[in-house]
Amino acid sequence: MSLIEFDKVSKAFFTDGKRKQARLALREMSLSIEEGEFVSIVGPSGCGKTVSLSMMAGFLSPTLGEVRFKGRPITAPGPERGVVFQQFSLMPWLNVGQNVAFAVKNAQRKLHKGTDRAQIAERVRYSLETVGLTHVAESYPNTLSGGMQQRVAIARLLAMDSDVFLMDEPFSALDEQTRQHLDKSLFDLWKASGKTIVFVTHNISEAVLMSSRILLLSPSPARVCGEWTIPADIDRDLESPHLHSIVQEIRAQLAFNSRTIATGIEE
Amino acid sequence: MWYQLPLRIEYAHAHPFLHVHANLPYLNAEGQYVNERDLARQLQRELSSGSLGASFAVPGSTWKLHALRAARILAGLAVGIILWQIMAWVMNSGGNALDFPGPFETIERLWQYLFCNQSMYGHSVYEHILASIRRLIVAFALACALGIPLGSLLGYFNSIYEIGIVPVSLLQMIPGLAWLPVAILLFGLGDDSAIFIIFAVSSMVITIGTASGIRMVPDVLVNAARMSGASGLTVFFQVLIPQASASIINAMRLGMASAWRVLIAAEMIVGTGIGIGYSVQMTRDLLDYVGAFACIAVICLVGLLFDRVLLGGIEQLMRNRIEGGKR
Numbered sequence: 061m062s063l064i065e066f067d068k069v070s071k072a073f074f075t076d077g078k079r080k081q082a083r084l085a086l087r088e089m090s091l092s093i094e095e096g097e098f099v100s101i102v103g104p105s106g107c108g109k110t111v112s113l114s115m116m117a118g119f120l121s122p123t124l125g126e127v128r129f130k131g132r133p134i135t136a137p138g139p140e141r142g143v144v145f146q147q148f149s150l151m152p153w154l155n156v157g158q159n160v161a162f163a164v165k166n167a168q169r170k171l172h173k174g175t176d177r178a179q180i181a182e183r184v185r186y187s188l189e190t191v192g193l194t195h196v197a198e199s200y201p202n203t204l205s206g207g208m209q210q211r212v213a214i215a216r217l218l219a220m221d222s223d224v225f226l227m228d229e230p231f232s233a234l235d236e237q238t239r240q241h242l243d244k245s246l247f248d249l250w251k252a253s254g255k256t257i258v259f260v261t262h263n264i265s266e267a268v269l270m271s272s273r274i275l276l277l278s279p280s281p282a283r284v285c286g287e288w289t290i291p292a293d294i295d296r297d298l299e300s301p302h303l304h305s306i307v308q309e310i311r312a313q314l315a316f317n318s319r320t321i322a323t324g325i326e327e
Numbered sequence: 007m008w009y010q011l012p013l014r015i016e017y018a019h020a021h022p023f024l025h026v027h028a029n030l031p032y033l034n035a036e037g038q039y040v041n042e043r044d045l046a047r048q049l050q051r052e053l054s055s056g057s058l059g060a061s062f063a064v065p066g067s068t069w070k071l072h073a074l075r076a077a078r079i080l081a082g083l084a085v086g087i088i089l090w091q092i093m094a095w096v097m098n099s100g101g102n103a104l105d106f107p108g109p110f111e112t113i114e115r116l117w118q119y120l121f122c123n124q125s126m127y128g129h130s131v132y133e134h135i136l137a138s139i140r141r142l143i144v145a146f147a148l149a150c151a152l153g154i155p156l157g158s159l160l161g162y163f164n165s166i167y168e169i170g171i172v173p174v175s176l177l178q179m180i181p182g183l184a185w186l187p188v189a190i191l192l193f194g195l196g197d198d199s200a201i202f203i204i205f206a207v208s209s210m211v212i213t214i215g216t217a218s219g220i221r222m223v224p225d226v227l228v229n230a231a232r233m234s235g236a237s238g239l240t241v242f243f244q245v246l247i248p249q250a251s252a253s254i255i256n257a258m259r260l261g262m263a264s265a266w267r268v269l270i271a272a273e274m275i276v277g278t279g280i281g282i283g284y285s286v287q288m289t290r291d292l293l294d295y296v297g298a299f300a301c302i303a304v305i306c307l308v309g310l311l312f313d314r315v316l317l318g319g320i321e322q323l324m325r326n327r328i329e330g331g332k333r
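As given, the protein sequences belong to chains U and R, one line each in that order.
Just so we're aligned, residue 61 is where the first sequence starts under this note's numbering, counting upward by one.
Just so we're aligned, residue 7 is where the second sequence starts under this note's numbering, counting upward by one.
Simulated from the structure, these hints should not be mistaken for lab results.
Ideal Cβ positions, reconstructed from N, Cα and C, are used throughout, including at glycine.
One should not assume that every hint holds.
[As the list claims (entries may be wrong)] If we take Cβ atoms under 7 Å as the criterion, some of the chain R residues that face chain U in the derived model are:
1. 226
2. 230
3. 234
4. 236
Throw the hints in and build the complete structure from the sequences for me.
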């Protein structure tokens, strides 16, 4: 059984307040994500990458079809499916440690695991140590750089012990150097922890450097129109011929898709 | 320092939901006043000493800043008093039967009321003030008790907002004194009517402010809490309320300001027998216009004290807390 499964999922939104028009964002999308995978979802901007991630998180429900987590339909957000948002999402009135602890407490309560203080403190300590931020545990979010805030957001999921990390362009608001550094750390974290990661990005080299599998979405309405698997033992270096050719292939496919759409409109 | 407060109020009203930094650009790390000239002088010193690093400290002075702010506020007051005096001269040059009180007569009378224990229509000025404040506090407490929970409900549930916002906005449109017939029908003449009128006006202001504060909370914070498994109650009490707390305090301030204004008007007409509004009414009936002006000055002073010092301080505290316990 797959960890996450899209079974012919379609999602339509009303385009205006009068609700006379609707726009199709996803069209009978089917995909499955196995445990321990690092799946990147790439595609042209506005194609529905974030929408599909939001459905995995449980913020949105499909109009038709079914999204399943461990075989059960997803109806609401939950700690087993942690999210790192594109925007900074720490509570500004809580310090870093309290932010992580707040999430852990909610998760424990939801899963009826009991909220033992010492245990929570231990999880907070462990997760901040993993992302290398023990020294800012007492700091408030507004004193941290954007990169650090996103690392705390990742620590939050580690502390909650989410089964899957849903990441919605988490590093796109950061500068290039910080982004590359965080990509590397996330990749190492995935290798070490064996968590499942679903990573939405528009940066193809970023996707190729980290993923075990890449899904390319078509222009809106989205469906999966391309899939690349990257062997686990490959050297993660963009200069290497194998990765280089994958990047080229995805770029070509993307360009082809947008051209098809463009000509379709002309006709 | 009390004279720093107006600067903050100006910021808070212009951008109630932005993070406001109380530190102004001309304060250095120690909170001392520095200007461009101090900067240039210090840079010259650092350059000539030859030990200049990437950053350097600029010494300043605390008293200069306080003196500057105090001077600006006094200048504002002075302009007001001069215009008032000119107006009094113009009005009194025509040989009217009634003197238009100037600032100095008014201040003299105020002094007598405040410090020479002169009676204002049977009570000392402090008794009048206390009577008014008591009404204000009772009515304001009731208004908060209704407005904050109601506003929170409106802000939290979209459907309740759609149902409730129209009646609340309609009620808010009713000016304080238009509640008089309702008040008289419900409570007759006297204290309870005054309290009802104040309550009716300020509770609606607080409701609307609270609701909009809750609705302004960024979705991403709510979603971040929900994905961690937070229940609806947790989201409400531990995300929405803390994030909106500065807006709620701001709503309370607006509610307090309108309560104070309508309090005076209510006391003038519902026959309370004591209170500052009652005093204004009496001075007018007895053609004691200097006394009336002195009462108006008292109203200004007490209102300012409440708004700036009490609620303004609390609001700043909340903002600092939301910003993450800085300073």
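Cross-check of the supplied hints:
At its closest, the beta carbon of residue 226(R) sits 5 Å from a beta carbon of chain U; the interface hint therefore holds under the 7 Å criterion. With a least beta-carbon distance of about 4 Å to chain U, the hint placing residue 230(R) at the interface is held under the 7 Å criterion. The beta carbon of residue 234(R) comes within 4 Å of a beta carbon in chain U, closer than 7 Å, and the hint placing it at the interface holds. For residue 236(R), the interface hint holds, the least distance from its beta-carbon to any beta-carbon of chain U being 4 Å, beneath 7 Å.
When held up to the earlier numbered hints, the structure conflicts with none and fits them all.
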